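Place chain Z on chain B using the hints.
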Amino acid sequence: MAVQTLLTSVAFGLTVERLCHQLIEDHGDLAGVALIGLQPRGVMLARRLRSELRRIIGGEHLVYGELDITFHRDDFRHRSSPAAPSITQLDFSLEGRRVVLVDDVLYTGRSIRAGLDALLAFGRPSDVQLLVLIDRRFSRELPIQADYVGKWVDSIAGQRVTVEWREQEGADRVTLDSSAA
Amino acid sequence: MSGLEHSEQLSTEHLLGIGDLSAADMELIFRTADGFKEVINRPIKKVPSLRDITIANLFFESSTRTRVSFELAERRLSADVVNFAASGSSVSKGETLVDTVNNILAMKVDMVVMRHPDPGAAVFLSRHVQARIVNAGDGTHEHPTQALLDAYSIREKLGRVKGVKVLIVGDILHSRVALSNILSLQKLGAEVMLSGPATLMPRSIRSLGVQVEHDLDKALRWCDVANMLRIQLERQGGDGIANFPSLREYAMLYGLDRERYQRIGKDVVIMHPGPINRGVEVTSEVADHANSIILDQVENGVAIRMAVLYLLAARIPR
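So the protein lines, in turn, are chains B and Z. First residue of the first sequence: 589, per the working numbering; consecutive thereafter. First residue of the second sequence: 2, per the working numbering; consecutive thereafter.
Same shape as in the complex, but just chain B (with noise of 0.2 angstroms):
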């Protein structure tokens, strides 16, 4: 059982609206709240919450922004080639506002680090959190916690966590593939 599925397309499905209902029990309308997915696999998640947050709500107060953390990694140099960039728009100020980050996969950490350092480039938040579709716990290198989480995975180094997009693989899915373990 080299590769097992986390999530099922509808466990995802149910996965974010969950998430959805957590973000409106603690900021009700979402006023002065920025969703800022992470490039490039973060803005999936933050792409569909965004529009479940509108079927459920409306979501006329949301302010949403995409945000690349390239130039911000601590790994350059480290790598064989150097990361290619992705797009950044984040055309609104965040002095004030409260950001919810939003990644696919939280893992060592390190992504974090960048994107609130690239955040940070921006002006300064009132506060941030942080919302993730999987946490692989236990896997930290760095002191990050999530304040929203999908669902908590406790894997090994060598695994591999995958999450799988309707819009770009064909169906939404979460699995853990072991094959390298």
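Read the hints as simulated data drawn from the structure, not as lab findings. Bear in mind that the values here come from a model prediction, so they are computed numbers and not experimental data. All C-beta atoms in this analysis are idealised placements derived from N, C-alpha and C, irrespective of residue type, glycine included. Among the hints, a few may not be true.
If you only want the chain B side, here are some residues facing chain Z, beta carbon under 10 angstroms, derived [stated by the list, open to error]: (1) Gly653; (2) Ala671; (3) Leu682; (4) Asp705; (5) Asp742.
Only chain Z this time, still in chain B's reference frame:
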């Protein structure tokens, strides 16, 4: 985390000239520059990518905008920067180029950005010192970052470079910008025509596969983009005008003023590598026209230089 595996790297360790770059290298530089262009329009225009890299700017020839553009690019990448100008330095005391550079490298410098009056100085240096070299202009030979930012500015304005008709006007003979531009535009699939007085046109320039049209009005009707090169007064010899009778005559025959621009009858994009001799190559009305992208070229210069430094630094082993 995924999606990053598809990244590429440059095929070269130094940027000595456009001659060393492939079209794919240039496309990679442009895509990376897109990212940096967004960065330099942020409230905080700085990223930490090159914080462990030290860069020396060696300018053996005077330059304001290129040096400032490189220095801004370096600082916005968080590199440590040392500046070195030839006047008042050990060069005037008789030290050789290699000794000068090796003395600087002994202070643990990773990259050297060099402008030098002699063609080939950057290539020579790259063979004799242990540092990554970026050519910021070597005599009348090449000025690769200028050509990259020019092509990038055309790509930004017109959405493509391939198939675009680019006219380069003026002092081709003394221009490193002209040679680098011809090479880069041809590699990217653009057509190039040159215009200017015969005395400022190198004799064998057609061997590069470019057209030459001495009638500026005809040439302007052909082109989509007109790059008006600066008359290099400092390179014309003794009194500054050895290759043409007077600046006034040059301006009448090869300067672009409002009347001549209106006669073209279409929206030709105006470029100039700076610094402008207003009233010689272009009049103020044309330089400040809506179709002029002269200031976009300056902004893009910082993004392009950030991209070049970033991609070259990525190839320095830790």
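Hints versus structure:
| no. | hint | in the structure |
| --- | --- | --- |
| 1 | Gly653 | violated (12 angstroms) |
| 2 | Ala671 | holds (5 angstroms) |
| 3 | Leu682 | holds (9 angstroms) |
| 4 | Asp705 | holds (7 angstroms) |
| 5 | Asp742 | violated (18 angstroms) |
In summary, the numbered hints that this structure violates are 1, 5.
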